[in-house]
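Protein chains in written order, with the working numbering: chain A, 356 to 899; chain B, 356 to 899; chain C, -15 to 249; chain D, -15 to 249.
These are computed hints drawn from the structure, not numbers from a lab. Just so it is clear, the structure is predicted and the values come from calculations on it, not from any experiment. Glycine is no exception: its CB is placed at the ideal position from the N, C-alpha and C atoms. Worth double-checking, as some hints may not be accurate.
Stated by the list, open to error - Straight-line distance between alpha carbons at most 25 Å, and here's what the computed DSS-like set of lysine-lysine pairs gives:
# : chain 1 : residue 1 : chain 2 : residue 2
1 : A       : K452      : A       : K433
2 : B       : K864      : A       : K842
3 : A       : K570      : C       : K167
4 : C       : K200      : C       : K231
5 : D       : K(-9)     : A       : K727
6 : C       : K124      : A       : K469
7 : A       : K864      : B       : K775
8 : A       : K500      : C       : K124
9 : D       : K124      : D       : K171
To be verified - Just a sample of chain A residues kept apart from chain B, beta carbon distances all over 10 Å, derived:
#  : residue
10 : R399
11 : N411
12 : R436
13 : E441
14 : K450
15 : N501
16 : G607
17 : P641
18 : V713
19 : D721
20 : S723
21 : K773
22 : F786
23 : N801
24 : K892
25 : S895
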Amino acid sequence: MERSVIIGGEAGEGIKEAGNLLSRVLVSIGYSVFTYHDYPSLIRGGHNFSSVRFSNEGIYAPVRKADYIVALDDRSVKRHRGDAKEGTVWFLDEKVKEEVEGTVVRLPFRGEAKGVMRSSAVLGALLKAFRIPKEEGLEVLKDLKNFEENRKIFELFYDSSQEVEEIVEVEGIKGEYFSGSEGIALGAVDGGLDIYIAYPMTPASPVLHYLAAHKKEFGIKVVQPENEIGVINMVLGAAYAGGRAMTGTSGGGFALMTETLSLAGMSETPSVIYLAQRGAPSTGVPTYTEQADLLFSLFAGHGDFPRIVVAPSNALECYLFTREALNLAWKFQVPVIVLSSKNVAESFFTQPLEREKVVEEPKLWDGSGEYKRYLITDDGVSPLAFPGTKGAVVKSNSYEHDEVGITTEDPRQIVEMKDKRERKRETIRKFFEGREDTVSVGGDLNSKRVLVTWGENWGVCCEVGEELGYKTVKPNYMEPFPVNRLKEELEGAKEVIVVELSPAGQFEKLLNLYGIKPTGRFRKYDTRPIFKEDLLKFLSGRER
Amino acid sequence: MERSVIIGGEAGEGIKEAGNLLSRVLVSIGYSVFTYHDYPSLIRGGHNFSSVRFSNEGIYAPVRKADYIVALDDRSVKRHRGDAKEGTVWFLDEKVKEEVEGTVVRLPFRGEAKGVMRSSAVLGALLKAFRIPKEEGLEVLKDLKNFEENRKIFELFYDSSQEVEEIVEVEGIKGEYFSGSEGIALGAVDGGLDIYIAYPMTPASPVLHYLAAHKKEFGIKVVQPENEIGVINMVLGAAYAGGRAMTGTSGGGFALMTETLSLAGMSETPSVIYLAQRGAPSTGVPTYTEQADLLFSLFAGHGDFPRIVVAPSNALECYLFTREALNLAWKFQVPVIVLSSKNVAESFFTQPLEREKVVEEPKLWDGSGEYKRYLITDDGVSPLAFPGTKGAVVKSNSYEHDEVGITTEDPRQIVEMKDKRERKRETIRKFFEGREDTVSVGGDLNSKRVLVTWGENWGVCCEVGEELGYKTVKPNYMEPFPVNRLKEELEGAKEVIVVELSPAGQFEKLLNLYGIKPTGRFRKYDTRPIFKEDLLKFLSGRER
Amino acid sequence: MSGVNLKTYAENTWCPGCGNFGILRAFEMAVEELSGEIPVENFVLSSGIGCHGKIVDYINLNSFYSIHGRALNNLQGMKLVNDSLVCVGFVGDGDIYAEGISHLVFAAKRNADITAIVHDNRAYSLTTGQFTPTSPSHFKGKSTPEGPPEDPMNPILLMLSAGATFVARGFAGDIPHLKELIKAAIKHRGFSFIDVLQPCVTFYNTFPYYRKHCYKLEEAGHDPTDFNAAVEKAKEWDYSEDSEDAKIPIGIFYQVEKPTYEERV
Amino acid sequence: MSGVNLKTYAENTWCPGCGNFGILRAFEMAVEELSGEIPVENFVLSSGIGCHGKIVDYINLNSFYSIHGRALNNLQGMKLVNDSLVCVGFVGDGDIYAEGISHLVFAAKRNADITAIVHDNRAYSLTTGQFTPTSPSHFKGKSTPEGPPEDPMNPILLMLSAGATFVARGFAGDIPHLKELIKAAIKHRGFSFIDVLQPCVTFYNTFPYYRKHCYKLEEAGHDPTDFNAAVEKAKEWDYSEDSEDAKIPIGIFYQVEKPTYEERV
Ligand SMILES: Cc1ncc(C[n+]2csc(CCOP(=O)(O)OP(=O)(O)O)c2C)c(N)n1
Ligand SMILES: Cc1ncc(C[n+]2csc(CCOP(=O)(O)OP(=O)(O)O)c2C)c(N)n1
Ligand code: SF4
Ligand code: SF4
Ligand SMILES: [Mg+2]
Ligand SMILES: [Mg+2]
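The shape of chain A in the complex, shown without the other chains (with noise of 0.2 Å):
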């Protein structure tokens, strides 16, 4: 059993938390949820939309059509008619011009609510349709700030709009509904963040937001600095001193990081920034999605140091590589990039969380003989004391320094910290060799045409590839790029295609670097994610 519905209206009207309220509701009842919010760059009117699809499996991918279209607007009727299938029901506010076929259930939706109090008349009238108990949608309206007015608007509308089928109450929770970037924050805070330094942008902001908003339960600061610049070299600084900070932007602010990101490689200061992709170059389309920062992030910052950059696919990822990307950073003393982009960032998705710290300690200084910030070692990774240490004294250097951390222009000084800084990428290779999860696998295992591709794109070609008969293969990391690894998935296949958001092509460049050479391609770059129907239509095209 899947339904999808699309909720669309204008900005400032409540249209992502109708979503969002519907979504918790079916995930209380039991559905896995994948929701997709669609929005331009505005703050009151135009068109947004969210679609929520869910079903009593697993699912992580939008699909263009829907079973519901709830339209606010003409605008919204006239952006979805071809999203409508045979049989869609339509909840039209009872102002809408537009003609639609089929069921029509019309409703005063911006008559009797205002602003985003028009989420809960959208949730009345959705789980009225549904027949599913009012009680679980008090349940969900609880923790929203105005309650009791939420409550008159939502019963007003469940009261008076018609059932029109029966969603049940299905087996076994399927998880938390939560979206990429609460992930990423809840991530940050189990890998021991102590501090988050960002200053606002789209699609990175809600990591912010959620920090803030929760920086007491975590027991961390959170602060927004002047601009990109000064924040990542608060974050360095802090680092330096010993707490473990953190940082989220996307690609204009990642490119302002970069002389800094240099200075972290060359310092070897354990730093993690979260990258959120969306519609570039330049400002771009930047409510929407893209995967185009991918060989910038992997080559960003003048000179040769280790990184390590972690690409998440879905909210669980999220907290998952982020937990682990500051323990990274911290144990190679590296700059850790968490690379998502806008649909894995802003969907929600319906997944098994379970919260758990995990703070390794780094290497630390056991405190004998001289302090040396630099001290050459074996795997490239030398002992950490922070300032404030009796008896150390710690000089860090953005200079090539000697092992004290001392200005070097010796060339066998330099050569030997190369070395060492390399030995470290060594190290760092090494640690993941052989680890089977550094590439993720799915769809149909035994097929020898593969679909290969990253970051989003993950939950509709392993939906697409089940179906179609297609083998599903990601790298969860992008440097060290688990090559071994990835050719192991692909030995054998006929037919390796390249699902990807890059008009360049940018993912198929890094595979072609490892030698690895697709046979096909898709690429979509409207800065639309690639909605289950496109896939399909692709590959089947190709079968014929």
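Since the structure of chain A is provided, determine the placement of chains B, C and D with the ligands on it from the hints.
Below, chains B, C and D with the ligands alone, put in the same frame as chain A:
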């Protein structure tokens, strides 16, 4: 006939000037001179040296060992004792205490001459040693500010020093003696430069200084803004308004420009960035060399957009490639990066320089109809118009936009614009495809053993290649990468050795990306140039 | 000069009632009134990113829709290569008091012959309401639910000390007055700065407060050639005060003639 | 407190006679005198890139040798996670008045509890002598052979208007006085700023001029709690004047107590 001379002393006492004065004399009597200047990051004291190598045949690479060593202090003797051969003649300041073997001439350099004036003393001593007539020296001194004082010192040392061997005048002037930086500056001017906008950064600053010193003569403006972000945004503004603008920086400054690089890509604003690499990461080893910004320069900036990256390897290429860079930027309305490194920028070469203005007219609006800044065209290039044009409203945009330049979030328009930019990428690729000069070839042309390299290593590879029987190959454009042309030259090679100055092997990664798999590698990363002896030793080591 | 068509086909997506409409209207009127002296094709606008930035999509004049914080430098580049251009930057308070503060300070220091109109709504609005450098410490934004842990900056004072040769404050709710300020700023040779109090009806609706507390410097006998008096007036309201007896001066605080950057380069 | 060994083995590569030696000496003395109250391991230094930046290689204390323009933010990050650290930034005039001006303005606005010591030699010296924001317009640098086409900024005035709670000027040629300023700055809770007139004997030897024209604010009866008086004193010498009757005040211009950023976050 080939000789090499090392001149060593402290910063501030005219070491570099001595090297250049000597070189100019040698060039004026028919020699090809290559001069390597080695200096640490300080203003007074420390140890500077210049290595002047000259021959009656063209030479373009540094050697370690010297036939003549001038040492103004003990440190210079200690540093260069290992650079002496059997028979090396030493010119020591009379106060030097360190012992040396072989012929020694002691002179009161420091006693008789002050600061930078010591360059004339050294020149006097060396010209006398070479039995080069005094007049030749006076000819080059003439251009100095304090000619009279310098003349006196020069003559004093000429008269009081000793002859060693005769360096005769040889036939045919080999060219102009100029540095890569001067090549860049002159190339920019002859490519139609209107304004140079830069923030000081070693080793790019010499271009700023040279252009500032000659701005009236060249009829250009030269300005130094508050920081690199300010710089690159002025560059874009200037270009938008119709001025040919360029900037120069090194890795850290370039990093700061990357957000705006992406803006140049999106807004399709012609712009030229001269990126002079140095010891990295971070502040690194600022007055020394490296080639580890290659992949950064290729992938910097968020999102996909076409760019061009040219990589000159000597002064003449600096001139030619920069002149072309300005024209390419305007022809295709893309950012063009001129990628050099310290020893291209600051070494001096003897090469024929035939200056010629080459300023191609870009694709301009014909004045008919409504002006559309981003008109969709087959080749992806839209006609330009500039503000101030009657009847045209010129709208540039960092957001995704429609043809007029107004922001759009419409998926179809987004795809259209991205396709347009990708078509432009293809137009650029085709423009270069089949052009012989996208790759340089040298050394032993018939050999099946190949050295493949780029940038500053070209000279040394060619020379060693010729001596040891290696063909040498160098791409002159890193983007679009001349992969076919390169493969053509590598066809049938039994051995392909990649020579580069990056510990992590960035150039090799790039070759891998295009399916080229070297069989061996020589990576140097002590931030010093590849001296001829280094490569000879490495390759001879392989043979055994 | 009603012959000038300044409208584009772009859909206006500002919230109904937004202070930005006032700035747009005042600017359009200024351009119309100036169009006798200044050919419209010589106008170039540039903007940052934010609600304010959208203004360039709505005006049918040359424009460079820049990135966050950089518009003033784009304009300086233009002016350096074509002195006949009339360069106007529409920038935001987050945009130019935070991200781009270095460029603002230096445009003033240099006396670059451009005009900066700051849409000072004291919020990062397009990114849904975080505090900016001019938000008061009681502003509850998404990144600082209890208010920013720092006091607001006083951009008027900052510009005076940075060397700006035309320093003014306008109010988006007083269009005729703002129009005159914009005209004066454009006509001023050298760097002109207008901090426009622009209520954001969604995240920080200051309309009622400003309406009540703003008064006009020119009506109060202020002498804009007196630097010390300008400093005093700048300090009269410090962007954190929200009391009932606050007095907020609008108008020209300071204006002086000095050679421009372009003349000196 | 002669037990503190503050020297490192790094070779000092400043030009003989450089004003930086005076700053180094004054700081060493200040640390020694403070070492009874402040454990040496709690000091953290950070610096920009330039001749000034080398100072951290020469002092055997914790240090973060940062990149051009960013040291103050590294320090702010440190202070936010460990309030017991005593954070001192050695920054350059090119470094923090040009590249890093945004960070300076905001460190002041926030009242971050760190100290900024600006080695103000009015030149980019390590990059061989270009003009900086405090170079006078007659400074003939390599990028502006005829002098910069802009007037210098007045960092004292700028810091006052940005909200700094401790604003001072020192002279590298008066070590005992500078030492006292540094001690006062370090002890001040909140953002402390010292513009140190630091002659660069190679590119801009201002020693004779400063020696002749500097006078001490504390000896002239200046009241550092009076903001208006501070502004007046800041304007007394504007970094462009080089006449024979210039008077250059050194000492504390302004000091006021305010909650720090770290307390408020
Ligand atoms: C480098 C960079 N950082 C962050 C952003 C995200 N961003 C877009 S608009 C904006 C807020 C702008 O605030 P303001 O300038 O005050 O404009 P307003 O929306 O209030 O008019 C921010 C931070 C960006 N586009 N670029
Ligand atoms: C981002 C960046 N831009 C430019 C440089 C080059 N640079 C190094 S030192 C310096 C000058 C510093 O001047 P100042 O801060 O006044 O220091 P001083 O040498 O005068 O002490 C510059 C521009 C750099 N290191 N990083
Ligand atoms: S959010 Fe505020 S500034 Fe933006 S359009 Fe709406 S009212 Fe105006
Ligand atoms: S160049 Fe100037 S600032 Fe640098 S060390 Fe020499 S005298 Fe000091
Ligand atoms: Mg704002
Ligand atoms: Mg300086």
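Open item on the list: Are any of the numbered hints broken by this structure? If so, which, sorted upward?
Closed with: 3, 9, 16, 17 and 21
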